[in-house]
Amino acid sequence: MNFPLPNLTFSSSYYAGCATTIKGYMSVRKVKLAKRKRLVRQILILLSLVISGFCLAIALGGIARQPAAQTLQAQNSAPQVSPATKTAPKAASTPIPTPQTPIADAQSEVPAEEQPVKTFSPPTQYQGKLVKQVKLSNKEKVVALTFDDGPWPNYTSQVLEILKKNDIKATFFWIGRMLKQHPEIAKQVVAEGHVVANHTWSHSYRWMNKAAAAREIDDTADLIYQTTGVKSLYFRPPGGILTNGVADYAKKKNYAVIMWSNDSIDYRRSAAKRLVNNVMRRINPTEIVLMHDGGGNRSETVKALPEIISRFKKLGYKFVTIPELLEMELKQKEAASKSKKKAVNTEEKDSNSSPVNREAQGVKSEEKDSKSSPVNREEQGVKSEEKDSNSSPINSVEQGVKSEEKDSHPSYISPDPEASPAEGIQEIPDSQSPLPSPHSSTEQY
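Numbering (full-length UniProt numbering), first residue to last: 1 to 445.
Check before you lean on any hint, since a few could be wrong.
[Said to hold, decoys possible] With a cut-off of at most 27 Å between alpha-carbon atoms, the simulated DSS-like pairs for lysine-lysine come out as follows:
#: 1; residue 1: Lys-169; residue 2: Lys-318
#: 2; residue 1: Lys-141; residue 2: Lys-273
#: 3; residue 1: Lys-165; residue 2: Lys-251
#: 4; residue 1: Lys-165; residue 2: Lys-313
#: 5; residue 1: Lys-141; residue 2: Lys-23
#: 6; residue 1: Lys-169; residue 2: Lys-118
#: 7; residue 1: Lys-118; residue 2: Lys-341
#: 8; residue 1: Lys-139; residue 2: Lys-349
#: 9; residue 1: Lys-273; residue 2: Lys-253
#: 10; residue 1: Lys-129; residue 2: Lys-165
#: 11; residue 1: Lys-313; residue 2: Lys-169
#: 12; residue 1: Lys-180; residue 2: Lys-253
#: 13; residue 1: Lys-180; residue 2: Lys-169
#: 14; residue 1: Lys-165; residue 2: Lys-314
#: 15; residue 1: Lys-331; residue 2: Lys-139
#: 16; residue 1: Lys-129; residue 2: Lys-333
#: 17; residue 1: Lys-169; residue 2: Lys-333
#: 18; residue 1: Lys-132; residue 2: Lys-318
#: 19; residue 1: Lys-135; residue 2: Lys-349
[To be verified] Now the in silico label distances, taken between C-beta atoms and shown as ranges:
#: 20; residue 1: Arg-269; residue 2: Tyr-205; range: 17 to 25 Å
#: 21; residue 1: Gln-332; residue 2: Glu-161; range: 52 to 60 Å
#: 22; residue 1: Leu-56; residue 2: Lys-141; range: 50 to 58 Å
#: 23; residue 1: Asn-277; residue 2: Lys-342; range: 43 to 51 Å
#: 24; residue 1: Gln-125; residue 2: Tyr-205; range: 25 to 33 Å
#: 25; residue 1: Thr-20; residue 2: Ala-57; range: 53 to 61 Å
#: 26; residue 1: Ser-299; residue 2: Lys-135; range: 33 to 41 Å
#: 27; residue 1: Ser-270; residue 2: Lys-35; range: 51 to 59 Å
#: 28; residue 1: Ser-310; residue 2: Gly-53; range: 46 to 54 Å
#: 29; residue 1: Asp-263; residue 2: Glu-192; range: 46 to 54 Å
#: 30; residue 1: Lys-273; residue 2: Pro-153; range: 22 to 30 Å
#: 31; residue 1: Lys-318; residue 2: Lys-338; range: 36 to 44 Å
#: 32; residue 1: Gln-133; residue 2: Ser-52; range: 27 to 35 Å
Keep in mind the hints are simulated off the structure, nothing from the lab. Cβ coordinates follow ideal geometry from the N, Cα and C atoms, glycine included.
All chains should be modelled from the sequences, with the hints used to inform the complete structure.
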């Protein structure tokens with residue numbers, strides 16, 4: 001069956017329109033592809049710039065954190081110039097430390113003459129532990145003043161002057177980057193006998209992995225050592241934050257993590273009177289007071305400090321450092337433990353001599369005494385008599401009679417055949433001759 005085909009003839013204008021449409025579509029597609037390529041290219045350029053900037057920041061930060069003591073050490077280790085060539089210029093310059101040089105190496109290469117003059121190390125019981133508040137068993141009034149975020153120009157020196165006038169030693173928690181900027185102030189703090197501690201390098205609140213926490217703590221510890229010759233295992237986390245990884249790293253490195261029990265809240269920069277009230281409104285027999293000598297304008301803290309000291313003195317408080325406070329608590333704990341053991345030993349001794357034990361011991365002694373009582377002695381006497389009767393004179397005679405009977409001597413035979421061999425023989429009364437003991441009968445008879 002044949003079907004007629006439709007007439008599919010198109011005009012030239014139709015084909016021209018289709019061609020125009022296709023060209024327009026392709027041109028639009030090319031434009032879109034070009035825009036996409038341009039966008040991708042811009043993104044790649046931006047990423048490369050960000051990565052380059054990040055790498056540059058790390059490099060610059062590493063160079064900035066290189067301790068000045070490392071450069072000094074390199075200068076000391078440079079070859080000495082002989083007297084004949086003193087006027088000649090130096091042949092070699094001091095090498096600049098690279099960012100790849102670990103800061104910890106500088107600590108291990110410190111010469112013997114630069115060994116630490118002081119070491120602030122907590123007792124073993126506090127290493128790797130968190131200390132929020134110290135309680136003394138004797139209720140002794142003790143306060144430890146602590147200052148964070150220094151060393152700081154102007155304010156740290158004023159705080160030191162006030163402490164010196166009142167003959168008080170305090171504990172300073174330092175930021176590494178501030179210590180690097182003001183090493184002379186740090187040396188003054190140590191020279192005046194105060195305790196220094198670690199407060200991280202940058203005072204950051206952000207979360208950190210182990211490597212970042214190590215840089216924050218170890219770099220600061222190294223710089224404290226290289227600047228002042230002091231090693232310290234006391235640490236306070238910035239803001240008191242314990243969950244961002246820094247405090248955990250400090251504990252693993254055997255730092256005593258020191259918090260506070262009394263906050264002046266001077267970070268709000270309130271008036272001096274308000275700061276005094278913040279400290280004194282609620283005080284315990286033992287206090288760790290938090291204040292700041294750095295981190296900004298601390299003029300009100302400097303104004304409030306003399307009044308705070310005066311009020312504590314009027315209340316009979318003794319001023320100590322953090323290490324001294326921990327030592328006091330430890331000694332009291334040890335003394336309490338010894339007295340407790342002594343009391344336990346005394347109770348054990350008393351229990352041995354208690355009425356119940358004495359009664360039990362009395363029963364045992366009665367049992368022993370009963371063995372030597374008159375009745376028992378009488379029973380023992382009867383047994384002894386039975387034994388002695390075997391060796392008595394009468395039995396000896398009886399034995400002799402029996403022996404004579406065997407020897408056939410008729411003169412010793414009893415006249416009565418039915419009588420016992422002992423009849424007719426005179427017995428010795430007990431009153432005249434007591435029965436001999438079994439041990440002496442043979443000798444006497």
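Against the structure, the hints:
1. Lys-169 x Lys-318: holds (11 Å)
2. Lys-141 x Lys-273: Since the Cα atoms of Lys-141 and Lys-273 sit roughly 23 Å apart, the hinted pair holds (cutoff 27 Å).
3. Lys-165 x Lys-251: violated (36 Å)
4. Lys-165 x Lys-313: Holds, at about 14 Å.
5. Lys-141 x Lys-23: violated (93 Å)
6. Lys-169 x Lys-118: This hinted pair holds, its Cα atoms lying about 15 Å apart.
7. Lys-118 x Lys-341: violated (36 Å)
8. Lys-139 x Lys-349: Since the Cα atoms of Lys-139 and Lys-349 sit roughly 32 Å apart, the hinted pair is violated (cutoff 27 Å).
9. Lys-273 x Lys-253: Between Lys-273 and Lys-253 the Cα gap is close to 40 Å, so the pair fails against 27 Å, i.e. violated.
10. Lys-129 x Lys-165: Violated. Lys-129 to Lys-165 sits at ~34 Å, over the 27 Å cutoff.
11. Lys-313 x Lys-169: holds (14 Å)
12. Lys-180 x Lys-253: Holds: Lys-180 and Lys-253 sit about 23 Å apart, inside 27 Å.
13. Lys-180 x Lys-169: This hinted pair holds, its Cα atoms lying about 23 Å apart.
14. Lys-165 x Lys-314: OK: Lys-165 and Lys-314 at ~16 Å, within 27 Å.
15. Lys-331 x Lys-139: holds (14 Å)
16. Lys-129 x Lys-333: OK: Lys-129 and Lys-333 at ~16 Å, within 27 Å.
17. Lys-169 x Lys-333: holds (24 Å)
18. Lys-132 x Lys-318: Judged against 27 Å, a Cα distance of about 19 Å means the pair holds.
19. Lys-135 x Lys-349: violated (33 Å)
20. Arg-269 x Tyr-205: 17 to 25 Å: holds (19 Å)
21. Gln-332 x Glu-161: 52 to 60 Å: With Cβ atoms ~34 Å apart, the hint is violated.
22. Leu-56 x Lys-141: 50 to 58 Å: holds (55 Å)
23. Asn-277 x Lys-342: 43 to 51 Å: With Cβ atoms ~45 Å apart, the hint holds.
24. Gln-125 x Tyr-205: 25 to 33 Å: Given a distance of about 30 Å, which is inside 25 to 33 Å, the answer is holds.
25. Thr-20 x Ala-57: 53 to 61 Å: Since Thr-20 and Ala-57 have Cβ atoms about 56 Å apart, the given range 53 to 61 Å holds.
26. Ser-299 x Lys-135: 33 to 41 Å: holds (34 Å)
27. Ser-270 x Lys-35: 51 to 59 Å: Roughly 58 Å apart at Cβ, these two residues keep to the hinted range, so it holds.
28. Ser-310 x Gly-53: 46 to 54 Å: holds (53 Å)
29. Asp-263 x Glu-192: 46 to 54 Å: This hint is violated: roughly 25 Å between Cβ atoms.
30. Lys-273 x Pro-153: 22 to 30 Å: Given a distance of about 26 Å, which is inside 22 to 30 Å, the answer is holds.
31. Lys-318 x Lys-338: 36 to 44 Å: violated (24 Å)
32. Gln-133 x Ser-52: 27 to 35 Å: violated (49 Å)
Hints 3, 5, 7, 8, 9, 10, 19, 21, 29, 31, 32, counting from the list given before, are not met by this structure.
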